[in-house]
Amino acid sequence: MSKIIASCKNIVKTFNAGEAEVKALQGITLDVYENELLMLVGPSGCGKTTFVSVLSGLLHFESGSCKLLQKDIATMDDVTLTAFRGENIGFVFQAFNLLPSLSAIDNVALPLTIKGVQRAEALTRAQEMLNAVGLNAKEHIKPSGLSGGEQQRVAIARALVHNPKFIICDEPTSSLDHKSGQIVMELLTKIIQEKGASMIVVTHDNRIYKYANRIVHMEDGKITKVAL
Amino acid sequence: MFRVAIEMLLHDKTKYLGLLIGVAFTAFLVSFAMSYFAGFMTRGFALVSENPSAKVWVMDSAVSSAEATINMSNSSLGIVKGVKGVEYASPLYLGDMTARYANGHFQSFQAIGVDDATLSGAPKPANLLRIPNSVIIDSGGTDGKLQTPIHKKDMWAYNGSHLNAVTRELRYGDEMLINSKRVVVAGVSHTIPRFPPRPLLYTSTSNFKRLIPGEKRYITFIMVRPAKNITPEKLAKRISKETGLKAITSAAFKKETVMWYLINSEDVGDMVNMVVLAMLVGFGVTGVMLYMFTYENIKQYAVLKAMGASIKQLTDMIYTQVFIMAVVGSGIGVGISALFGEAISSASFPFRIMWFAPFIGFLGVFIVSLTAAFISLRPIKTMEPGIVFKL
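Heads up: the sequence lines are chains A and B, in that order. If you count by the working numbering, then the first sequence holds residues 1 to 228, one letter each, in order. If you count by the working numbering, then the second sequence holds residues 229 to 619, one letter each, in order.
Next comes chain B alone, as it looks inside the complex:
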């Protein structure tokens, strides 16, 4: 009977193609939206990702994301270094700085101060930060925000700002003012873009403190590498227990950050709502199409039932048809999503296919298809096979 079911499914090419497109579109929509969301979230914990050697992150006990932070006491670094099993610990200083460009425009940056000695946490070539007053800047996923005038006459002009001056991208040797202090662009990096997008400014601890003076507490995170004889999980627990600070593995920190966005970010909430809405619409369309397909064939099922086909045989036929539709359709949809994603990710869109995106695409389509099949079975189960004489 499986063969009969497949022949029935493939018989009307137009209907089959329509159904296939519907299922494929739903799978595409779901996996694409999930990948897009994953892409945004990946940018949300970019700070953690770009420091892969830090297996444990230490922070104030109230911090639960890489996005919203509060600093710890400056003595916490020494305390963490004293915990057994810590191979090295390196501080990371986060702050907001507003820089004045040479033409008078200003721009906010997320400033990231790294350890003077190791420069751990700075993008390569980190050694550039050893130049006095130097910074490494990064677009952080923004576009056209790192600009300085092309012409000398528009730079630091004695007659005020030249806001309409023709500009170019900032580069090595350009100067900015932060808190009325001169800084020199030593390099332009291209690290993982941020969510929400914002320009980044990396500098050494000493320069960081020079640019933001007067803070009592500077250390935002301490990045820790465990010794060889201890796992990051165990070390994190030990640090928490002995210091009273929050210490978690980098993987756990990424998860917490994603959860923080889901709970606290209205933008992410809107995004999730849109994704859910798109999924519901796609699922609804697929479900209705599958139901209609089965319902339109009810005459044929009635004939089969009159000829002795059991309800189980008819049920198996419908599930066979739906299973084939779901496998082929979602395969095409997820495949297109991957190709499309590959194309746009090279254009710096936040797109990241993680294992759960195609999985949820497949799973969603399967659940909807099976539900549609289950619902469409009802008229088949309840039909009087006597209707064959009226057909």
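Just chain A, with the same shape it has in the complex:
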């Protein structure tokens, strides 16, 4: 059995929508293992994104426990949690969320810039990551000059440049055509294997299920099935 990287037990999260209460997570218990690519699937509104938000420390939860890399994220204060996230987690978003004012290489270097890495070193490492995702020729182009697939590859390079141990991808292929989606997933799989990180992919796209080590099905804030 591989080492557990993330462990969540009985996570409960409720949102208040006006007078109504929405139970987004109703006692989720899930472990994520080292080097694992876990896919979180299910209908819209079933709590997938809420769960990864909780897991990455972006959202507070009411009850349960959640450990990431042996650290209890519920007990961390905001400053520690932010620093922990910057150190250990990489994000790939559905809408890429690149900074439109920065070139591709500056976007990739952002996690290192935030950590205070010297600019020259940050750019060298960002350049290496851009080479790894096949965008070495487009390092100075801003996001508006890149295709959707290229932007997502920049986002992947950004998520990996600081060598995080845990990567969270929210619908990484949903804004892309089939071919670009395949390229992105192959890239993610390859880099995960090379870097030895773990990854959770939230997706609706059943064409990429084949890349998963495990597929966790969610419905109404609960895990309904775990498929290997």
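Since the hints were derived computationally from the structure, they do not count as laboratory data. Small disclaimer: the values here were computed from a predicted structure and weren't measured. Among the hints, a few may not be true.
To be verified - Below, a list of computed lysine-lysine pairs in the DSS-like style, where the Cα atoms sit at most 27 Å apart:
| hint | chain 1 | residue 1 | chain 2 | residue 2 |
| --- | --- | --- | --- | --- |
| 1 | B | K527 | B | K609 |
| 2 | A | K71 | B | K241 |
| 3 | B | K609 | A | K115 |
| 4 | B | K243 | A | K71 |
| 5 | A | K142 | B | K241 |
| 6 | A | K9 | A | K222 |
| 7 | A | K23 | B | K243 |
| 8 | B | K527 | A | K142 |
| 9 | A | K23 | A | K9 |
| 10 | A | K115 | B | K540 |
| 11 | A | K165 | B | K540 |
| 12 | A | K138 | B | K527 |
| 13 | A | K115 | B | K456 |
| 14 | A | K138 | B | K241 |
| 15 | A | K142 | B | K243 |
| 16 | B | K381 | B | K352 |
| 17 | B | K456 | B | K243 |
| 18 | B | K243 | B | K352 |
| 19 | B | K527 | A | K165 |
| 20 | A | K195 | A | K71 |
| 21 | B | K456 | A | K23 |
| 22 | B | K609 | A | K67 |
As the list claims (entries may be wrong) - Facing chain B, a subset of chain A residues (Cβ under 8 Å, in silico):
| hint | residue |
| --- | --- |
| 23 | Y33 |
| 24 | L58 |
| 25 | K71 |
| 26 | A74 |
| 27 | T82 |
| 28 | E87 |
| 29 | F93 |
| 30 | S101 |
| 31 | P111 |
| 32 | T224 |
| 33 | K225 |
| 34 | V226 |
By construction, the Cβ of each residue, glycine as well, lies at the ideal position given by its N, Cα and C atoms.
Based on the hints, put chain B in the right spot on chain A.
Below, chain B alone, put in the same frame as chain A:
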């Protein structure tokens, strides 16, 4: 992160330009209004400014401006001259005179009587006042009020006033009547315009008394130059102590005059209200624009926060953006104000850039910008970085 902040600021050129124009306009408005106000106030104490050798001004103890005055006893000049440390003391007589022009029109003047012997306080060439019954006139910031008929037939006509006669500017040799007494224009001066604007009439003491007879007290001010071994401040205190009259330095007198206008003049009060209103509107617009700029970028800050950027880093970024906007914007605004002011001051508008005008322009913009930044930090501090998944 400073570099990232600057790139974010400059990325949307249209938005940046709009913001820059807003900040520059506010700085322009503030520094221009302040300079305009300073220009008016400078005219308010013009009498003091045009007598630079008078370092100490002596007056009735109730007087607190160059504008509203009451005369002192005629013996006060001798008393002040007797104070140790007074190198010379020269009287100044102020009064209102109404002159009848040759075509029958009349005009009020502020009359300024100067010492017969020294002619101290008269505009150059003061010697013209040695001509019998002579006066030197000055527009005092007015326009078209010193007029006399062009044609002889319209002057002192036996058949009454020729009020519609074609006129020209008064000049050397023209005559007027004051209190039914003939005076001759010996010169037309161009001293500092007055606030409120009014024509001026300089004449000698003896002529002054001839034109306004029957006054018991004539001396309005005594202008004093201190001896070399005493400062104006010390001499002013000594004169006050020994004579019971009010004696202050020229700088203090200018300040008192400005304060008097601020407290007593409704015109100046209205002007100040307008300036304050303009400043508030400018500041409000700038503040809202800066707030909106930050708020529109909240998505990007959320992404940075999710990636590990601390609140301090995000705060520094916002303050960097605001600082750059404030420096560049207010620099442009104050610069335009100076150029514009230079252009209109040659057209005799009251415009005077003093150190505090650009300072307040810069300071005001900085305070508003920092406040806007501070307010716009709140949504950034309180946002759940989890919103990045919903963007």
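Quick rundown of the hints versus the structure:
no., hint, in the structure
1, K527(B) to K609(B), "13 Å, holds"
2, K71(A) to K241(B), "44 Å, violated"
3, K609(B) to K115(A), "19 Å, holds"
4, K243(B) to K71(A), "43 Å, violated"
5, K142(A) to K241(B), "15 Å, holds"
6, K9(A) to K222(A), "12 Å, holds"
7, K23(A) to K243(B), "41 Å, violated"
8, K527(B) to K142(A), "17 Å, holds"
9, K23(A) to K9(A), "16 Å, holds"
10, K115(A) to K540(B), "13 Å, holds"
11, K165(A) to K540(B), "25 Å, holds"
12, K138(A) to K527(B), "24 Å, holds"
13, K115(A) to K456(B), "67 Å, violated"
14, K138(A) to K241(B), "23 Å, holds"
15, K142(A) to K243(B), "18 Å, holds"
16, K381(B) to K352(B), "33 Å, violated"
17, K456(B) to K243(B), "61 Å, violated"
18, K243(B) to K352(B), "56 Å, violated"
19, K527(B) to K165(A), "25 Å, holds"
20, K195(A) to K71(A), "21 Å, holds"
21, K456(B) to K23(A), "90 Å, violated"
22, K609(B) to K67(A), "25 Å, holds"
23, Y33, "23 Å, violated"
24, L58, "4 Å, holds"
25, K71, "15 Å, violated"
26, A74, "15 Å, violated"
27, T82, "6 Å, holds"
28, E87, "7 Å, holds"
29, F93, "6 Å, holds"
30, S101, "3 Å, holds"
31, P111, "5 Å, holds"
32, T224, "21 Å, violated"
33, K225, "23 Å, violated"
34, V226, "23 Å, violated"
Violation of the numbered hints given earlier is confined to hints 2, 4, 7, 13, 16, 17, 18, 21, 23, 25, 26, 32, 33, 34; the remaining hints are satisfied by the structure.
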